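K.L.:
Given next are the chains, with one letter for each unit.
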Amino acid sequence: GAVVSQHPSRVICKSGTSVKIECRSLDFQATTMFWYRQFPKKSLMLMATSNEGSKATYEQGVEKDKFLINHASLTLSTLTVTSAHPEDSSFYICSAGSRGGYEQYFGPGTRLTVT
Amino acid sequence: EDQVTQSPEALRLQEGESSSLNCSYTVSGLRGLFWYRQDPGKGPEFLFTLYSAGEEKEKERLKATLTKKESFLHITAPKPEDSATYLCAVQAPQGGSEKLVFGKGMKLTVNP
Numbered sequence: 003g004a005v006v007s008q009h010p011s012r013v014i015c016k017s018g019t020s021v022k023i024e025c026r027s028l029d030f031q032a033t034t035m036f037w038y039r040q041f042p043k044k045s046l047m048l049m050a051t052s053n054e055g056s057k058a059t060y061e062q063g064v065e066k067d068k069f070l071i072n073h074a075s076l077t078l079s080t081l082t083v084t085s086a087h088p089e090d091s092s093f094y095i096c097s098a099g100s101r102g103g104y105e106q107y108f109g110p111g112t113r114l115t116v117t
Numbered sequence: 097e098d099q100v101t102q103s104p105e106a107l108r109l110q111e112g113e114s115s116s117l118n119c120s121y122t123v124s125g126l127r128g129l130f131w132y133r134q135d136p137g138k139g140p141e142f143l144f145t146l147y148s149a150g151e152e153k154e155k156e157r158l159k160a161t162l163t164k165k166e167s168f169l170h171i172t173a174p175k176p177e178d179s180a181t182y183l184c185a186v187q188a189p190q191g192g193s194e195k196l197v198f199g200k201g202m203k204l205t206v207n208p
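These protein sequence lines map, in sequence, to chains A and B. For any residue, its number in the working numbering is found by taking its place in the first sequence, counting from 1, and adding 2. For any residue, its number in the working numbering is found by taking its place in the second sequence, counting from 1, and adding 96.
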């Protein structure tokens with residue numbers, strides 16, 4: 003199946019700093035990438051959808067100025083959590099969909115801890 | 097509004113004890129129904145996509161089926177390594193969006 007990577011897998015940062023998470027599709031071109039957030043023992047919550055070369059579409063209640071998404075190429079999307087606070091601590095997961103296909107393939111996730 | 101409900105929320109089985117997980121959905125214009133497996137601390141792993149009622153797909157001990165209102169994930173003679181959270185999601189065309197709507201998941205524990 004298609005492979006999606008995320009980096010870093012874990013990150014600890016201080017309150018007020020920014021953190022960038024990378025999502026890469028390794029063996030296919032991802033026309034669309036999705037960013038999710040998952041709280042402990044909860045299902046995935048979609049944060050935003052990004053298409054290569056265009057602005058991301060954010061879900062209701064997600065602050066676009068806090069969670070900056072860039073989808074600069076068909077294999078790379080980044081999520082930057084700006085001015086992080088402890089309540090931003092969570093498990094962030096990206097997924098990627100290929101052109102013409104309906105399946106989404108997920109990355110391994112990034113555990114963010116803000117102290 | 098598109099909705100996905102999974103039941104039961106948690107299930108404990110003995111090794112070899114077959115069972116089924118249910119995913120019921122309400123969606124306008126189903127494009128696809130997806131099953132994923134998620135292990136703790138990891139991203140979801142793609143299992144199946146079902147597109148139309150009557151469709152079935154199999155992979156090892158797992159078999160997924162689809163009707164117009166629900167999908168079942170049948171687990172035959174499960175092993176402890178099948179323990180995981182199983183997620184069901186639907187995709188419907190919403191203004192061209194391809195986003196998935198997930199159920200809350202079903203945590204399966206298979207005891208040896």
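Heads up, some of the hints might be wrong.
Not everything, but these chain B residues come out facing chain A in the computed CB check (under 7 Å) [to be verified]: (1) Pro136; (2) Pro140; (3) Thr145; (4) Ala149.
In silico DSBU-like links for lysine-lysine, alpha-carbon gap of 30 Å or less [stated by the list, open to error]: (5) Lys159(B) <-> Lys175(B); (6) Lys200(B) <-> Lys43(A); (7) Lys195(B) <-> Lys22(A); (8) Lys165(B) <-> Lys175(B); (9) Lys153(B) <-> Lys57(A); (10) Lys44(A) <-> Lys165(B); (11) Lys44(A) <-> Lys155(B); (12) Lys22(A) <-> Lys138(B); (13) Lys68(A) <-> Lys155(B); (14) Lys43(A) <-> Lys159(B); (15) Lys153(B) <-> Lys203(B); (16) Lys68(A) <-> Lys195(B); (17) Lys68(A) <-> Lys153(B); (18) Lys203(B) <-> Lys165(B).
Hint data in this document are derived by calculation from the structure and do not stem from the laboratory. This one's a predicted model, so the numbers in the text were calculated from it and none came from an experiment. Note that the Cβ used here is the ideal one computed from N, Cα and C, for glycine as well.
K.L.:
Next step is simple, just say for each hint if it's right about the structure.
P.N.:
Checked hints:
no. : hint                    : verdict
1   : Pro136                  : violated, 10 Å
2   : Pro140                  : holds, 5 Å
3   : Thr145                  : holds, 6 Å
4   : Ala149                  : violated, 16 Å
5   : Lys159(B) <-> Lys175(B) : holds, 15 Å
6   : Lys200(B) <-> Lys43(A)  : holds, 9 Å
7   : Lys195(B) <-> Lys22(A)  : holds, 23 Å
8   : Lys165(B) <-> Lys175(B) : holds, 29 Å
9   : Lys153(B) <-> Lys57(A)  : violated, 36 Å
10  : Lys44(A) <-> Lys165(B)  : holds, 24 Å
11  : Lys44(A) <-> Lys155(B)  : holds, 26 Å
12  : Lys22(A) <-> Lys138(B)  : holds, 19 Å
13  : Lys68(A) <-> Lys155(B)  : violated, 41 Å
14  : Lys43(A) <-> Lys159(B)  : holds, 25 Å
15  : Lys153(B) <-> Lys203(B) : holds, 21 Å
16  : Lys68(A) <-> Lys195(B)  : holds, 21 Å
17  : Lys68(A) <-> Lys153(B)  : violated, 41 Å
18  : Lys203(B) <-> Lys165(B) : holds, 22 Å
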